[in-house]
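Enquirer: Quick note on this note's numbering: the sequence shown kicks off at 69 and runs consecutively.
Hints in this document: simulated from the structure, not taken from any laboratory. No residue lacks a Cβ here, since even glycine has one placed at the ideal position from N, Cα and C. Treat the hints with care, as some may be off.
Unchecked claim - The calculated lysine to aspartate or glutamate pairs, modelled on DMTMM-like cross-linking and capped at a C-alpha distance of 25 Å, are:
hint : residue 1 : residue 2
1    : K168      : D153
2    : K130      : E103
3    : K165      : D153
Stated by the list, open to error - Simulated DEER-style distance windows between Cβ atoms:
hint : residue 1 : residue 2 : range
4    : K131      : T174      : 20 to 30 Å
5    : R133      : K157      : 32 to 42 Å
6    : L147      : T167      : 42 to 52 Å
7    : T162      : T136      : 44 to 54 Å
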Amino acid sequence: KRVVLFSICMQSNQPRCNALQMVVGIFTHSCNTPERVIEIIAHAGLCVSAPSINNMVNSMSKKARDLTKASVRATLVSLGYNNLDVQFKSHQPTIEKRTKLIHMTTG
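Make a model of the complete structure from these sequences and hints.
Expert: See below:
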């Protein structure tokens with residue numbers, strides 16, 4: 069309780085001090101929380117706004133892409149992938165319970 073209250077108070081005084089709100093924002097993004105719900109908890113001070121979450125995700129994606137490019141350029145790398153088709157057959161096929169074919173890519 070104390071950490072949450074302290075974090076809310078610090079965010080209201082210092083907009084750059086929002087570590088808890090950023091973690092909650094990333095969590096809501098990973099759970100595909102609707103934007104309206106994010107805005108409600110942002111107004112309560114428990115999370116950053118939806119545009120801030122999107123900026124954070126874009127920034128992390130750009131950093132990850134740049135790190136991946138740098139590591140590939142720095143070392144000798146061999147990449148391989150394979151398309152994999154798996155068919156799950158049912159014992160007694162019915163309309164509701166059909167055979168499933170799943171396509172996957174492995175690397």
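Enquirer: With reference to the structure, classify each hint as holding or not holding.
Expert: Hint by hint, here is what the structure shows:
For the hint pairing K168 with D153, the CA-to-CA distance comes to about 10 Å; that is within 25 Å, so the pair holds. Under the criterion of a C-alpha separation no larger than 25 Å, the hint pairing K130 with E103 is consistent with the structure, at around 23 Å. The suggested pairing of K165 with D153 holds, with an alpha-carbon distance near 19 Å, which does not exceed 25 Å. About 26 Å separates the C-beta atoms of K131 and T174, a value consistent with the hinted range of 20 to 30 Å.
Roughly 40 Å separates the CB atoms of R133 and K157, a value that falls within the hinted 32 to 42 Å. Hint check: L147 to T167, Cβ distance near 33 Å, so the stated range 42 to 52 Å is violated. For the hinted restraint 44 to 54 Å between T162 and T136, the CB-CB distance of approximately 46 Å keeps it satisfied.
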